[in-house]
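Asker: Spelled out from the first residue to the last, the chains are:
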Amino acid sequence: VRQPTILLASSIGDVRMHSLWRDHPWLTTAAIVVALVQVGLMVGLLFEHRRRRRAELESRANLVAATQLDRRAAMGQLAGSLAHELHQPLGAILHNAATAELLLTSAVAADAVRPDLRAILAEIRQDDHRAVEIIQRIRLQLQNPQTDMQAQTVDLNRAALDAVGLVRSLALGNEVRIDLDLAEPLPTVSGDVIHLQQVLLNLLLNGLDATSAVVGDRRRVIVRTAHQDRCVQVSVVDRGIGIPRRALSRIFDPFYTTKADGLGLGLSIARGIVEAHGGRISAENNADAGATVRFTVPAPGTTRRVS
Amino acid sequence: MTIPGASQPNGDVTGDPGRPVIVVIDDDASALRALRRFLHASGFDTVAFESAEAYLAAGPGLPAACLVVDHHLGGISGLELARGLRAAQSPLPVILTTGDSEDGTRAEAARLGAAWLCKPFDGDAILGLLVPLRPPLQ
Numbered sequence: 001v002r003q004p005t006i007l008l009a010s011s012i013g014d015v016r017m018h019s020l021w022r023d024h025p026w027l028t029t030a031a032i033v034v035a036l037v038q039v040g041l042m043v044g045l046l047f048e049h050r051r052r053r054r055a056e057l058e059s060r061a062n063l064v065a066a067t068q069l070d071r072r073a074a075m076g077q078l079a080g081s082l083a084h085e086l087h088q089p090l091g092a093i094l095h096n097a098a099t100a101e102l103l104l105t106s107a108v109a110a111d112a113v114r115p116d117l118r119a120i121l122a123e124i125r126q127d128d129h130r131a132v133e134i135i136q137r138i139r140l141q142l143q144n145p146q147t148d149m150q151a152q153t154v155d156l157n158r159a160a161l162d163a164v165g166l167v168r169s170l171a172l173g174n175e176v177r178i179d180l181d182l183a184e185p186l187p188t189v190s191g192d193v194i195h196l197q198q199v200l201l202n203l204l205l206n207g208l209d210a211t212s213a214v215v216g217d218r219r220r221v222i223v224r225t226a227h228q229d230r231c232v233q234v235s236v237v238d239r240g241i242g243i244p245r246r247a248l249s250r251i252f253d254p255f256y257t258t259k260a261d262g263l264g265l266g267l268s269i270a271r272g273i274v275e276a277h278g279g280r281i282s283a284e285n286n287a288d289a290g291a292t293v294r295f296t297v298p299a300p301g302t303t304r305r306v307s
Numbered sequence: 308m309t310i311p312g313a314s315q316p317n318g319d320v321t322g323d324p325g326r327p328v329i330v331v332i333d334d335d336a337s338a339l340r341a342l343r344r345f346l347h348a349s350g351f352d353t354v355a356f357e358s359a360e361a362y363l364a365a366g367p368g369l370p371a372a373c374l375v376v377d378h379h380l381g382g383i384s385g386l387e388l389a390r391g392l393r394a395a396q397s398p399l400p401v402i403l404t405t406g407d408s409e410d411g412t413r414a415e416a417a418r419l420g421a422a423w424l425c426k427p428f429d430g431d432a433i434l435g436l437l438v439p440l441r442p443p444l445q
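Residue numbers (our numbering), protein chains in the order written: chain F, 1 to 307; chain C, 308 to 445.
Don't read these hints as lab results, they were simulated from the structure. Virtual Cβ for every residue (Gly too), placed ideally from N, Cα, C. Among the hints, erroneous ones may be present.
[Claimed, not checked] Chain C side only, calculated, beta carbon under 7 Å to chain F, not exhaustive:
#1 Ala341
#2 Ala348
#3 Gly350
#4 Thr412
#5 Arg413
#6 Leu434
#7 Gly435
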């Protein structure tokens, strides 16, 4: 049944090609050449588009992988202070449990120790919750790498509080005061909360480093959020040693570092994350002392106000 | 029987006279409360401070049998306090506690003659250090 149709089609084609070719040989050649060039261009563009997309995905995957490494490095830096923070509630639970045992085996009447036991149990529960919260904060930072950044609704005030929570113990040990100056209400942004928190963590750790070399009142880091020009702006201000003038223009370059033991990746990764969110990051020295690093993340459709 | 804990910790002495007084310094309110409870239930009195500075402002004159101080304090650290007390020739035994087992401070604590306990530590561990300080029961 099929064969005749094909024959018919090819014979019609033959006839048309034949007559066209005979009547307008140059025109036909030109038309065929133009058609071939067009097809070639389209195929070329398609491949180029694919190649670019692949390169884009690859560079995004590289950023995510580098981000993961950097996050693990930051957590390594925090390991000691986080261990201490976790051991506080665990130690308290141990002492409370031991006290309860002592009370139960003591000669004191059961009724007399009842209020104490109740207080002890309440505190054990409270300290247990505290330990769980610390572990959750750590797990969030160390969870398995995601193949790409996730788009969620992010409250940068909340992210700032969590990041400060992670470095609080380290700051205490370094005798650095961290103050929060958070704008309320602050519009949410769309982005990956872990990655944005990592930017904050990076800037905070840099701030702690910069202030550890100075003394007294200058051991201070301020985390500030603001809403302006349809963006949420986050600034980490320190009163530390500042950024050397020649380093200012290169500070976000990969492998550029001013620290003796730095890899020079933290700020370049921070820039990668911020730019992947459609934002910008910049650094400057303060007029009085120290430096400010600020980044913005677009917060479109943000006229929500609480009156 | 009353157990310290509900009351504010700053420098308040608890319990009856005659029991050895242990000075406890920790900036974590819950850890401080739990240790005081345990020491009290084990036959000691405690005086508590939330910082080394608060202790130095009020405490050094206190008749205490021992000082139990957390190393990780805001301001003057536990080790710095121990160092200061040694420099001032204080005979007060010092027990340093820390939640960070990787602290490189253990050797210096030993050099200063201070005992070292890693949090979370068992009640028996601290009692083992404190009981010898308790006068024999009549």
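Asker: Against each hint, give a clear statement of whether it holds in the structure.
Answerer: Each hint tested on the structure:
no.	hint	result
1	Ala341	holds (4 Å)
2	Ala348	holds (4 Å)
3	Gly350	violated (10 Å)
4	Thr412	violated (11 Å)
5	Arg413	violated (13 Å)
6	Leu434	violated (9 Å)
7	Gly435	violated (13 Å)
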